[in-house]
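Student: Chain by chain, the residues run as shown.
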Amino acid sequence: MNRFCDQTAPDAVDENLRLQTLRDYQILDTPPERSFDDLTALGAELLKTSTALVSLVDEHRQWFKSRFGLDAFETAREVSFCAHAIQHEDVFVVPDARLDERFAGNPLVTDDPFIRFYAGMPITAPNGARLGTFCVIDSIPRSLDSAGKDSLRRLARLAEELLALRMEGMAGRFRQQQLERQQAMNECLLGSLVEAVVVCDAEGKLTLFNDTAREWHGADIRDMDPASLAAQYDLFEADGITPLPMQSLPLLRALQGESVRGAEICIAAGGQPPRFVLANGGPLRDSEGQLMGAVVVMHDISERKRIELMKRNFLASISHELRTPLTSISGAINLLLGGASGELPETASKMLVIAQTNATRLSLLVNDLLDIEKLESGHMRLHLSPQLLLPLVRTAIESNLGYASDFSVKLELQANAVDAMVLADGVRVAQIMDNYLSNAAKFSHPGGTAYVSTELLDGHIHVSVHDTGAGIDPADHPLLFQKFSQLDTSLSRKRGGTGLGLAIVKQLVERMGGNVGLRSEPGEGAVFWFSLPLYSE
Amino acid sequence: MSELERVMHIEDDPSIREVARIALEVVGGFIVKSCSSGQEGLDALKQFTPDLILLDVMMPGMDGPQTLAHLRTLPETDNIPVVFMTAKVQPSEVAEYQRLGAAMVITKPFDPMTLPDQIRAIWRDWHGQD
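Which chain is which? The protein sequence lines are H and C, in order.
Under the numbering used here, think of the first position of the first sequence as 7, with each following residue one higher.
Under the numbering used here, think of the first position of the second sequence as 6, with each following residue one higher.
Bear in mind the hints are in silico, worked out from the structure with no lab data behind them.
Possibly wrong hints are sitting among the right ones.
Here are some, though not all, of the chain H residues that point toward chain C, as calculated from beta-carbon distances under 7 Å [claimed, not checked]:
hint, residue
1, T27
2, G337
3, N340
4, L341
5, S369
Computed from a predicted model, the values in this text were never measured in an experiment.
Glycine included, every Cβ here is placed at the ideal spot set by N, Cα and C.
Isolated chain C (complex conformation) (with noise of 0.2 Å):
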């Protein structure tokens, strides 16, 4: 297994975007593509192979499930972690999410400064269950 290094980070909010970009390039050293909607992540999926996704729930246009489901037909996504990322969840919803596929639910308002590490633990548990 080898260490996690392209995340690719799918999210509406340009403000969310950038502090999320920043916390991962230069808290967590990983090489970032940021799109800001479902099909755009999904157009630039071959050229970046990212190693993980973050995905935002609540989109305009494709949301966070939506895009999760198109992922899922795509072979070359098959070993890839998706994590979700939304606001304060019922343990409920947390379960839905994951019976779609998610490998984790990251709340927000999340902390950008130990988003990085949060994010490598569910690879290695994502890795750690193949």
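So here's chain H without its partners, still in its complex pose (with noise of 0.2 Å):
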């Protein structure tokens, strides 16, 4: 390439991993730095030499940090006194270039600036890499005594301290960059969810409200004691009257330790319609386990709450509607059967009885609809009160004994814990029992007894109901408590029903703190029980 090729400096051994530190410092071509040019102008003062530099070697040039007293700020690495300077450990002295063959030749030597005298000593980063120089330089010839060595040597390490503390403010600054963007991520992403967040410090005091949160409460985060949150930010409980109490807001209940799931309140925020959500959340605990506050994420259900109620709106006026035509139905059909138009033909007799057993299913399949719906929506108010269980368990019977008798089957008691109390409301205890019989006389062999039994069973009094009937296959018997399931719909055509009734029953039980099931197996018939807990004053 030029005639000085065969005398630049040999490669360092580990002149890749050299290349790679000296990138990593990010310093090259970057603006002078007046740390750095206070170094070199003292070096040149302290040795008293016209020009002192921080050099530093890539592959193809020396780079000058700092300069004093030259004005080039780089120079081609071929005629670098400090890419030599690099391959010692120590300090690199040329006391007249002019002298050294190695450098005799070379144009900084032979032309402008007519180096003679050169020192450098090496900036050596922490893995050991020989990144550059500190040098010095003159262009008459010199010695450098030890003195002058040592204080090569400290303004070299001084270097190497600035490189080393401009690299560490650098990652300082790239932490905080990174960290700036996250929060920026964060805050967009919290921003943009649809769901409200909500979080507060360990004190309870709120410490962030995403956009969401902010649009609902219809304000920003108010310093505030944590106990009139509810009141500042209009909160009230799912019917939307009640105002809400502390202990059920779900942020404090998330800062109490609980894992706050589905819970229903109403925002009410001035302006705004009330706002129905459900609230999910928990405690924020740091990785010691250390409570760092709470965090709540609500999500609007107010649509489904509008939906819920059109269709409860709407159960309650098609019920109103489908009644209206039953009661004249029934009472048309019941005064023709009374004989209020005078004595019928047997035939007519006959199809009205048909029509009257229709308008009846009719009627308790619109009541059934009714229940069920209020029952699954939380709308059946339940009249509780304590009261014994067994004259319930034998009105029910005695009622049901005509309907049985139908199917030509025998109803028959066997009452143990004839003292029971339950907390329960008498009429639906019947309608339970109706249940239950009916089925029992519908599915039991003509001819046949469905036994009733109660006895009390781990603080439970239990009502089962035996029938004689063909049993039912474990495998159904999980489809059987559900809406609509009736095992065999020819069945329930041919013995009447809505598919409805053990539904009803199933919730109406636990409603009342009880359960339900059934034991059977084909062929054995089945044991349908309730259970209630046993009452105490």
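Hey, can you piece these two chains together into the complex? The hints should help.
Tutor: Structure follows, in structure tokens:
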């Protein structure tokens, strides 16, 4: 490439690592920095030379981070004295370049700036890579005593320190940038959620509202006592009317350590229609398990509530609309059958009985539909009072004797625990018994007997109805207490029933704190039971 | 105490009105005035002078409880039992109707063959309490 090629410094053994380390410092071609410039000025002053440099050697050149007494900001690596200096561990001195065969022909010696004297001390990275030198240069030959060498070593060490500090600062700034970016990302993320996110610190003070939370509350975070949060942000219970007591606030419950799931509350910020929300949340803990605060995420379910209300209104109105004609149909049939218009021919009576049976069935279906809807929506009001269970069971049996005899089935009571008290709604217990007893009548073999037994088990009173029918495959048991699940729909047509009875029974019993179930094997009849907790004053 | 003779029935549905009329007239042997709204009932009150009023709860315009409230402001209805007729109700609703001044609540669908005896019994209870 040029005539000095044979005199360029040989590459260091770990040149690739050295170059990579230099790149990591991200210093090449950066603007001058005062600390480095001060260092070179001090160096020239201290060692009485015209020039001092902080020189960094990359693949093709040496570049000066700081230069005192020199105009050039870089020179080619082939002509670089420093490229030689970094081959040495210690100070590298050239007293008179003209007398040194490695440099005698070097254009920096033969031409401007006419280098005669060079002394350079490698600047070394912590991994041992020699990045360049702190060097002093002069245009007159000189020597360097040991004090001068010491100074040069110290100056190089200072340059190393400066580089390390600079690197640390860069890393700090980088971390800061990363943090800021992460934070911006988090904010953007929270802002883009359709859910409202609310966070408080360990003291219960609000620390974060995302955009949605701010919009729903009609306000931003206000500095206040956690106890007054509900009032300040117009929070209500799921009914939309009762102010939310402090201990029901999802965020404070989460702060108490509770994992809040599906808590329904209402936010009625000024100027906005009440918003029904489902809240999920929990405590926030650091890696040591120390409580840092709590988070709650809220999902708007107003639309769902609106649809539920529509469904309820629809059912209420349709049941009224169905019952009104049913009332006159049943009434007219009963009048005719009762002879209000005189004696009827036998076939006419028979057909009217069919019409009567089906009108009754239709009105039972309407009642069942309304019941199941009320139970599922939580609008069924039970009137619980402590009472003896056995009289309810007895009355139910008596009122079903007639129905059972239509199927030639007898009903018998085997009573135990005769003085057991339960906290129950008598009307609903009768409804439960009606369901079990009418099923037992329908599904027992004609001429058979269905037994009703009561017994005390684990603090619950169990009422069981044993039929003598064909039994039920255990695989079908789980289906039975579900809505609209009659195992054999042809049976239901033949024997009546809406497919809702057992679903209603299950919900009613559960609402009174009890359980339902059945035991059955094919061919051995079925035992349907329900249990209610024993009442004690 | 005389026997129950004159029954006013207020009900918006014409079919139910007709079924009830036949039940009360033919089966019960009462003199019946059928009215299609609370207002019509109030208007016919002076002329018909019922012994007992059967009142539907859900009606367009003035509903059962509103009609009852009007009736109770008239001195001539003081001694007339008012019986609500409504779909299957919760015990709490029955209690609420009775608090409003209803003598009894008859649930729909009602059996027209037993309706006359039902209201006779209510009428006797009402007057037995005097």
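Student: Would you mind marking each hint as holding or not holding in the structure?
Tutor: Going through the hints against the structure:
1. Here the hint on T27(H) is broken, as its CB sits about 85 Å from the closest CB of chain C, past 7 Å.
2. The interface hint given for G337(H) is met, as the beta carbon of that residue sits about 4 Å from the closest beta carbon of chain C, less than 7 Å.
3. A distance limit of 7 Å between C-beta atoms decides the matter here; for N340(H) the minimum to chain C is near 5 Å, and the interface restraint holds.
4. Against a cut-off of 7 Å between C-beta atoms, the interface hint on L341(H) holds, since the closest Cβ of chain C lies about 5 Å away.
5. Annotation: S369(H) was flagged as interfacial toward chain C, and the flag holds, the nearest CB pair being 6 Å apart, inside 7 Å.
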